[in-house]
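Asker: For reference, the chains in residue letters:
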Amino acid sequence: MLHCEHCKLDIRGSHSLCPLCGGIIRGENDIEDDVFPHIPTIYQEFNIFIRAMILVSISAVVISFAINILFTKESRWSVLVAAGVLCMWISLFFIIKKKSNIPKTIVWQVALISLLSVIWDYSIGWIGWSIDYVIPSVCIVAMIVMAVAAKILKIGIRDIIIYMFVDGIFGIIPVLFIIFNWVNVTYPSVICVAASVIFLSALLLFQGDNIKNELNKRMHI
Amino acid sequence: MTRKKPIEWIRLDNAAKIFPPTTNEKDTKVFRFICELNEQVDKDILQQALDKTMIHFPLYRTILRKGVFWYYFESTDLTPEVKEEYKLPCSMLYNQNRRNLLFEVTYYKNRVNLEIYHALTDGTGALAFLKTLIYYYLTIKYAADFAEGLPNLDYDATMSQKMDDSFIKHYTGSPKSRKIKLRKAYKITGRRSIDNRLKVIEGVMSAKEVINLAHKYETTLTIYLVAIFIYSIYQEMPDRSRRYPIVISVPVNLRAYFPSVTARNFFGTINVSYDFSKGDGSLDDIIRKIKDDFSQALTTEKLRVQMNRLIALEKNAFARVAPLFFKDMVLRIANSINDRGITAAFSNIGKVKMDKIFSPYIRLFNCFVSARRPQIAMCSFEDRLVISFASPFIGTDIQKNFFRILSEQGIKIAIASNVKEL
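Heads up: the protein sequence lines correspond to chains A and B, in order.
Take the first sequence: its letter number 142 is residue 142 in the working numbering, and every next letter is one higher.
Take the second sequence: its letter number 281 is residue 281 in the working numbering, and every next letter is one higher.
Bear in mind the hints are in silico, worked out from the structure with no lab data behind them.
Hints should not be assumed to be uniformly reliable.
Keeping only pairs whose Cα atoms sit at most 27 Å apart, straight-line, the calculated DSS-like set for lysine-lysine is [claimed, not checked]:
hint, chain 1, residue 1, chain 2, residue 2
1, B, K353, A, K8
2, B, K327, B, K83
3, B, K351, A, K217
4, A, K97, B, K420
5, A, K98, B, K26
6, A, K98, B, K66
7, B, K17, B, K327
8, B, K66, A, K99
9, B, K26, A, K8
10, A, K99, B, K184
11, B, K315, A, K212
12, A, K99, B, K26
13, B, K52, B, K351
14, B, K43, A, K104
15, B, K291, B, K162
16, A, K151, B, K66
17, A, K98, B, K52
18, B, K353, A, K98
19, B, K351, B, K208
20, A, K217, B, K162
21, B, K353, A, K212
Remember, it's a predicted structure, so these values are computed and weren't measured experimentally.
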């Protein structure tokens, strides 16, 4: 047992100085009497891969601006590059944030990609490709990806059911595009709505109870 | 067909709701209970004991999830595994990106460590779990010694009583609104270690000796130790900060005031303070003021009023339909405002009682809490009183002052610490 004369108390375990006053201690070290294991210091660093990617993005945008200003002053294409990189990072940010929950990530990406593509379409001068093609395809792809992921990754039915339900609801929204005649090309929206209605019916028929329980659980006030 | 679980999901109790939004690397809201036995812990037997204990506490087999409006506990199939201690004490247990149990049982040499995330339960609830765990461990390991019959475990509660949200049960309606005084308290500062390591210093001493010392000052053990704590902080306080009072936050076990045997959170907090710019700063004066503060605040009515106020917030219609991320922001702000009025915390778990037949096997019980500033937690088992300091700061002056005040009056103390360098 070690002893500190200044603090007038005993010290258990093995120490080289008094834990309280930092002074000189007397007595026998007793490693067997240590009550805490030694844990080495860990340095937490911001993921090096992400840092490299940020640097590559910044370089790409800066270089494209430089080339634009020097050689092709007529068109402002470098702004598109910057916007593209920004969209990619927004998408990546949400993927990293929700990465532990794959179905949630998928649904967030559906909403995000739809929103970003509409903004993109609008800023270029409305052509309509965002609601013609992007939104319907993204909804259908998400449905397929979720169904496949559920099988391969063995995601429990309760964990995925609510996200499939939300995606099904998203997939019905293109019916508004058709009714209000906002689309030029109708077949993607029609396929999307049809697939979603069938998907939702199957969900409600075979998992209706589970969906009700999940909604009750997650939305309880 | 999905297998039915004992509880599918359950809401958080009122006190638990503050913890998830305010948890971060610097303040993990995890506390640890320790039982030191008189010989090395056997991993396999501890695992068996843990499996048996889990049957009595289904709430522990849950993970914390985010709903649209509130957090909730969801049943899981994850089973707890006993490991040798491998992490820093009171490191993060709740990580919103990972799904893991909210408690962990580890062992090191003679010690059984139980770390719990505060949203799950409070000190009393955790102690009930630990006592059950030790009960099973000892009765399995030394089955021969208990051949005459197993002793009783003094925790008598049905499953529904254990899962009770006692806050809601004792809610008596909206209180009169009251102006809350916000006074800035003295803040303890210091340098932190690089990896947010908690510096734990525990002191073991004789409970009788310290109680006798407290009687000499005509006061109880808790009040005496709180007074010494305040004095220790005062000795390190810069002169220009004397105009701020030192405020100690003391959690109160509400089970002593309202009938409940819940295994979940059921505690309130009271603040006791001393202003060194107003009083004469002698230990006697501090004890007098603290005694006064305690007797004024520790009444059933005052505690009920505080409880009602907190639950009314939770039941408010606007609060209920506010989305979770908004509630989180508001709670974080409210927490930091509340924190400005507190210097440090002092938590007295009290006497830990186990059947006399277990005494020869158990050396002591101990507990400490993760903290953003130096914090004391104490408990006693038979004559062994254990006072533990947990601090995120590298400096140990307050701890030194505290223990020296006791040792200079003749108390025999043995300390242990997890950090060897200064």
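Asker: All the hints need checking, so say for each whether the structure fits it.
Answerer: Status of the hints after comparison with the structure:
Distance hint between K353/B and K8/A is unfulfilled; the C-alpha atoms sit about 30 Å from each other, more than 27 Å. Between the alpha carbons of K327/B and K83/B the distance comes to roughly 36 Å, so the proposed pair goes past 27 Å and is violated. Restraint check for K351/B and K217/A: not satisfied, since their Cα atoms lie roughly 39 Å apart, outside the 27 Å limit. Our distance criterion of 27 Å between C-alpha atoms is broken by K97/A and K420/B, whose separation comes to about 38 Å.
The hinted pair formed by K98/A and K26/B meets the criterion: a straight-line CA distance of about 23 Å does not exceed 27 Å. Only pairs whose Cα atoms come within 27 Å are accepted, and K98/A paired with K66/B is accepted, the gap being roughly 12 Å. Restraint check for K17/B and K327/B: satisfied, since their Cα atoms lie roughly 10 Å apart, inside the 27 Å limit. For the suggested pair K66/B and K99/A, the alpha carbons sit about 15 Å apart, so the restraint of at most 27 Å is met.
Taking the CA atoms of K26/B and K8/A, the gap is near 33 Å; set against the 27 Å cutoff, the hint is violated. Straight-line distance between C-alpha atoms of K99/A and K184/B comes to about 41 Å, which puts the hinted pair past the 27 Å bound. The hinted pair formed by K315/B and K212/A meets the criterion: a straight-line CA distance of about 24 Å does not exceed 27 Å. A hinted pair counts as satisfied when its Cα atoms are at most 27 Å apart, and K99/A with K26/B qualifies at roughly 24 Å.
For the suggested pair K52/B and K351/B, the alpha carbons sit about 25 Å apart, so the restraint of at most 27 Å is met. The suggested pairing of K43/B with K104/A is violated, with an alpha-carbon distance near 39 Å, which exceeds 27 Å. Between K291/B and K162/B the alpha-carbon distance is near 33 Å, which puts this suggested pair outside the 27 Å criterion. Restraint check for K151/A and K66/B: the C-alpha separation of about 25 Å stays at or below 27 Å, so the hint holds.
Taking the CA atoms of K98/A and K52/B, the gap is about 35 Å. The hint is violated against a cut of 27 Å. Distance check on the hinted pair: K353/B and K98/A sit about 45 Å apart at the alpha-carbon level, beyond 27 Å; violated. Of the pairs offered as hints, the one joining K351/B and K208/B holds, with about 12 Å between alpha carbons and a cut-off of 27 Å not exceeded. For the given pair, K217/A sits about 21 Å from K162/B by alpha-carbon distance, which is consistent with the 27 Å threshold.
Proximity of K353/B to K212/A is assessed by CA-CA distance (about 46 Å); at most 27 Å being required, the pair is judged violated.
When each numbered hint is compared with the structure, violations occur for hints 1, 2, 3, 4, 9, 10, 14, 15, 17, 18, 21.
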